[in-house]
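Trainee: Using the sequences and the hints, build the whole thing.
Quick mapping for you: the protein sequence lines, in order, are chains A and B.
Residue numbers for the first sequence follow the working numbering, beginning at 115 and rising by one.
Residue numbers for the second sequence follow the working numbering, beginning at 13 and rising by one.
Since the hints were derived computationally from the structure, they do not count as laboratory data.
Fair warning: there could be bad hints in the mix.
[Claimed, not checked] Pairwise CB distance ranges, derived in the manner of DEER restraints:
hint : chain 1 : residue 1 : chain 2 : residue 2 : range
1    : A       : N185      : B       : T121      : 38 to 44 angstroms
2    : A       : T134      : B       : Q14       : 26 to 32 angstroms
3    : B       : T121      : A       : S121      : 27 to 33 angstroms
4    : B       : P94       : A       : F183      : 38 to 44 angstroms
[As the list claims (entries may be wrong)] Covered stretches of chain B, as calculated for chain A (at least 3 residues, CB under 8 angstroms):
hint : region
5    : 52-66
6    : 110-117
[Claimed, not checked] Here are some, though not all, of the chain A residues that point toward chain B, as calculated from beta-carbon distances under 10 angstroms:
hint : residue
7    : Y147
8    : Y149
9    : W162
10   : G172
All residues carry an ideal CB built from backbone N, CA and C; glycine is no exception.
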Amino acid sequence: EAGVTQSPTHLIKTRGQQATLRCSPISGHTSVYWYQQALGLGLQFLLWYDEGEERNRGNFPPRFSGRQFPNYSSELNVNALELEDSALYLCASSQVRVTGANVLTFGAGSRLTVL
Amino acid sequence: DQQVKQNSPSLSVQEGRISILNCDYTNSMFDYFLWYKKYPAEGPTFLISISSIKDKNEDGRFTVFLNKSAKHLSLHIVPSQPGDSAVYFCAAIGSNDYKLSFGAGTTVTVRA
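Mentor: Here is the structure:
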């Protein structure tokens, strides 16, 4: 069974540009979560998509947005990039909403560097 | 507001000895706690979890202890092996929650 796949692995952008990150969940998983891991910080919740809809978002500005496609894959868009957006962006999937028993499976992440 | 805290950013332990990782939380609505392990260039992988109705859960070399009154949990790795060198994240979720809340992680280095 293929795991959660993310692309690109690395991405370098300059301030003000836009970045698009992509994620394919595990087959059969309908929920996709995006987390940001900035240097020295834990995983900060960004967005949750389920059945094609944005279900909830974390405490991030509207520059961070995304969508989920009919095949449950997802993309994360970051507009007007700022230096502090440099981080590892992790995508995770689960069967429906994550619970204590229904754990998240993570991809390897996309490393975004903003110069 | 960081609801899950791992106050030790790093831990170094000799091979064969016990590794003890600590985690504190502030949200009393959390009722499930998880540990994830992350190697460089890989995503976090689920390691072990515990429900709030228990105070201990064991899986091979890994044991998680939960002290609800202190809002504290710990992960014990016995014996520690070089392959255990990784970043360990503590996470928590409530029954009405929709997301996992993570701590900042503890980097464990197992010395040969």
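Trainee: Work down the list of hints and note, for each, if the structure agrees.
Mentor: Hint by hint, here is what the structure shows:
1. For the pair N185/A and T121/B, the beta carbons lie near 41 angstroms from each other, so the given range of 38 to 44 angstroms is met.
2. Restraint check, T134/A to Q14/B: a C-beta distance of roughly 29 angstroms satisfies the suggested window 26 to 32 angstroms.
3. With their beta carbons about 31 angstroms apart, T121/B and S121/A fall inside the hinted range of 27 to 33 angstroms.
4. The supplied range of 38 to 44 angstroms is met by P94/B and F183/A, whose beta-carbon atoms lie about 41 angstroms from each other.
5. Counting residues of the region 52-66 of chain B whose beta-carbon sits less than 8 angstroms from any beta-carbon of chain A gives 8, enough to reach three: the coverage restraint holds.
6. Three residues within the 8 angstroms Cβ limit are the bar, and the region 110-117 of chain B against chain A gives 8, so the coverage statement holds.
7. A least Cβ separation of about 7 angstroms between Y147/A and chain B falls short of the 10 angstroms threshold, and the interface hint therefore holds.
8. With its C-beta approaching chain B no nearer than about 8 angstroms, Y149/A sits inside the 10 angstroms limit, and its interface hint holds.
9. Interface restraint check for W162/A: the shortest CB-CB distance to chain B comes to about 6 angstroms, inside 10 angstroms, so the restraint holds.
10. A cut of 10 angstroms between beta carbons decides the hint on G172/A: the least distance to chain B is about 8 angstroms, and the hint holds.
Of the numbered hints listed earlier, not one is contradicted by the structure.
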